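Following the numbering used here, the numbering of the sequence shown begins with 1 at its first residue and continues without gaps.
Since the hints were derived computationally from the structure, they do not count as laboratory data. A couple of the hints might just be wrong.
Below, simulated DSSO-like cross-link-like pairs (lysine-lysine); rule was C-alpha separation at most 27 Å, straight line [unchecked claim]:
(1) LYS42 with LYS160
(2) LYS40 with LYS160
(3) LYS40 with LYS168
(4) LYS158 with LYS42
(5) LYS158 with LYS40
Remember, it's a predicted structure, so these values are computed and weren't measured experimentally.
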Amino acid sequence: MTSGSDTTNDAFLGGRIRLRQPVVGYRAGVDPVLLASAIKAKAGQSVLELGCGTGAALLCLAARVAGLELHGVEVQAPYADLCRENAGTNGISATIHTTDLRTLPPPLREMTFDHVIANPPYFDRTSGNPSKSADKDIAFAGDTDLADWVDVATRRLKPKGHFTLIIKAHRTLDVLHAIDDRLGSVVVTPICGRLGRDADRILLQARKGGRAAFRLAASVPLHEGPSHIQDGEDYRAEVSAVLRNGAAFPFTD
């Protein structure tokens, strides 16, 4: 377990969720909150997060949708321990499995879920240099191919279950190449910092057994205006509602 002096206690969703996370290493930001907001979950459904870290996405989802059965998979034991602690601190029931997603324990391999979600490492392990911080290197690059993330997610979905992923935009082709005919009804929503700028991340949603045509949705800018012109946050009102109030992501259907 990480000691208190090595962690910070951070507020998410305007303080509805408190998250203890390492001072050094991977720290959750906007992406897991956006991911959580995009899950169209209903009370009574089950959710599995691959690579749950300290729990930002799972716990933000639970704050918006009560009555979910939550499971998380995290390969790094200190992060998994913090995720369990964070769930307890926030009064949320979640089962966290400390394991590599490629070698899930038999009980988990026998389960299927209404939703599988993921915020995989951004960078391709075959390019660039590893981070000097081992845990940050696993979080941002890791040694698990993106195709494995998609395959494991697909296997763990119930028929008609939904897979939702957020990742840097430059990995879009890698994700699409990893999807096979078990998944369909794929929708990609580009997300950019400001109107007129290139997308820097995407939200991808797909359905097991879905048959709808692929759709590239309109790009979603996070901030108002073409540039930052004054101190303080300038998130668009709809985005601020997601980040501060736990609203559902309003840009997907």
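Hint check results:
{"no.": "1", "hint": "LYS42 with LYS160", "in the structure": "14 Å, holds"}
{"no.": "2", "hint": "LYS40 with LYS160", "in the structure": "13 Å, holds"}
{"no.": "3", "hint": "LYS40 with LYS168", "in the structure": "21 Å, holds"}
{"no.": "4", "hint": "LYS158 with LYS42", "in the structure": "15 Å, holds"}
{"no.": "5", "hint": "LYS158 with LYS40", "in the structure": "15 Å, holds"}
Hint compliance for this structure: every hint is met.
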